[in-house]
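From first to last, the protein sequence lines stand for chains A and B.
For the first sequence, the residue numbers in our numbering are 1 to 202.
For the second sequence, the residue numbers in our numbering are 1 to 202.
The hints are simulated quantities; they were obtained by calculation from the structure and are not laboratory data.
Wrong hints could be hidden among the right ones.
As the list claims (entries may be wrong) - Computed list of lysine to any residue pairs in SDA-like fashion (alpha-carbon distance at most 20 angstroms, straight line): (1) A/LYS55 <-> A/ALA14; (2) A/LYS150 <-> B/ARG182; (3) A/LYS155 <-> A/GLU130; (4) B/LYS144 <-> B/GLU86; (5) B/LYS27 <-> A/THR117; (6) A/LYS27 <-> B/ALA30.
Here is what each chain is made of, one letter per residue.
2 protein chains.
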Amino acid sequence: MTSAPREPRRNRDAQILEAAVQIFSEKGYAAASLQDVADAVGLLKGSLYHYISSKESLLHRIFLEAHEQARQLMDELDALQLPPDEHLRQWARRLTVFYLENPERASLYFSEWRHLTGDELAEVQKQRQEFASYFFGILNRAKKDGLARKDLDVKLATFYLMAAINGVLIWYRRGGSMSASRIADQVASLSVAATLLPRGAS
Amino acid sequence: MTSAPREPRRNRDAQILEAAVQIFSEKGYAAASLQDVADAVGLLKGSLYHYISSKESLLHRIFLEAHEQARQLMDELDALQLPPDEHLRQWARRLTVFYLENPERASLYFSEWRHLTGDELAEVQKQRQEFASYFFGILNRAKKDGLARKDLDVKLATFYLMAAINGVLIWYRRGGSMSASRIADQVASLSVAATLLPRGAS
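With the rest of the complex left out, here is chain A (with noise of 0.2 angstroms):
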């Protein structure tokens, strides 16, 4: 067990946090201890209590860094002010490349959050309704724009992309022969053609 006294607590802090999705990861949140957490950082278990209050807030922490990244992503793609079919590939294309480098995290985020319980609950289903509607937004301009296919229903529509682009935590193997270029472009494809109509056909 090793000791860093002088390290900033902010390095301390990510440390614990990426040692926490690792082990979430690999036991389950309901499996995994603080224990557990403590031991991969080389922390008493006592000590870890500096750093954070509960292996709840623990989960809550990891889902905030999530949340902050996607909402990046989000605020840099709004930058860029896209036309809404360049603006679904994009934002397809993007999500697809984070989950593939955030496979772990990203994973947590859609199948431990029930785990949650009270304001850091209520907190984490707010941000999953604004990624939600972050969805909703592109195809709703894209239909308004006449990009859409003309039977679109645009509610259905973000759930059915929204399940497919993030069965790629699903399916996605590290390792496998196809780059995660590669991957993200043909997930932005299919999502596209899955919409829209095809460019010059509006």
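Keeping the supplied structure of chain A fixed, place chain B upon it in accordance with the hints.
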């Protein structure tokens, strides 16, 4: 607690399976007990062992039955000898309807199969493979017939569509405003548009 000694064994079997589907869905397989199942069908736990040998065997039988039903969908569809585009549309449509009619059973299949072990796990994994191969086969034939979008990666598209259609189980809530038939039509249209060329464009 009722006893029904003359009730045909087959009916009792079906009741036990149906009760197990409900209980495993509500509590999760890990937290559910055979006592819960026995209580639900009005049997003593000891009597339940006339019908099943263990909790795991009960889960296995639920999966076998779900796969049988999926297998029947595939066989019915194959008998129609449809062209690949219509084959894909009908498969996506019928599979969605099946999910909407059997949400607990189908969700268990996807969420709890990891609880099986040994031969029973191997059998279910083989069936999952068979299910994926059916999807793959339809898309592969469409590609060979020149009906698929030019850049389509058939294997990746198979995973994408499976996640998208299975996603119905996550977001569908009984009692929503959209009919099962309309949901299935939309899911089928999204799946065909994602992967195949517009009609007349090939």
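Now the hints, each set against the structure:
| no. | hint | verdict |
| --- | --- | --- |
| 1 | A/LYS55 <-> A/ALA14 | holds (15 angstroms) |
| 2 | A/LYS150 <-> B/ARG182 | holds (15 angstroms) |
| 3 | A/LYS155 <-> A/GLU130 | holds (14 angstroms) |
| 4 | B/LYS144 <-> B/GLU86 | holds (15 angstroms) |
| 5 | B/LYS27 <-> A/THR117 | holds (18 angstroms) |
| 6 | A/LYS27 <-> B/ALA30 | holds (14 angstroms) |
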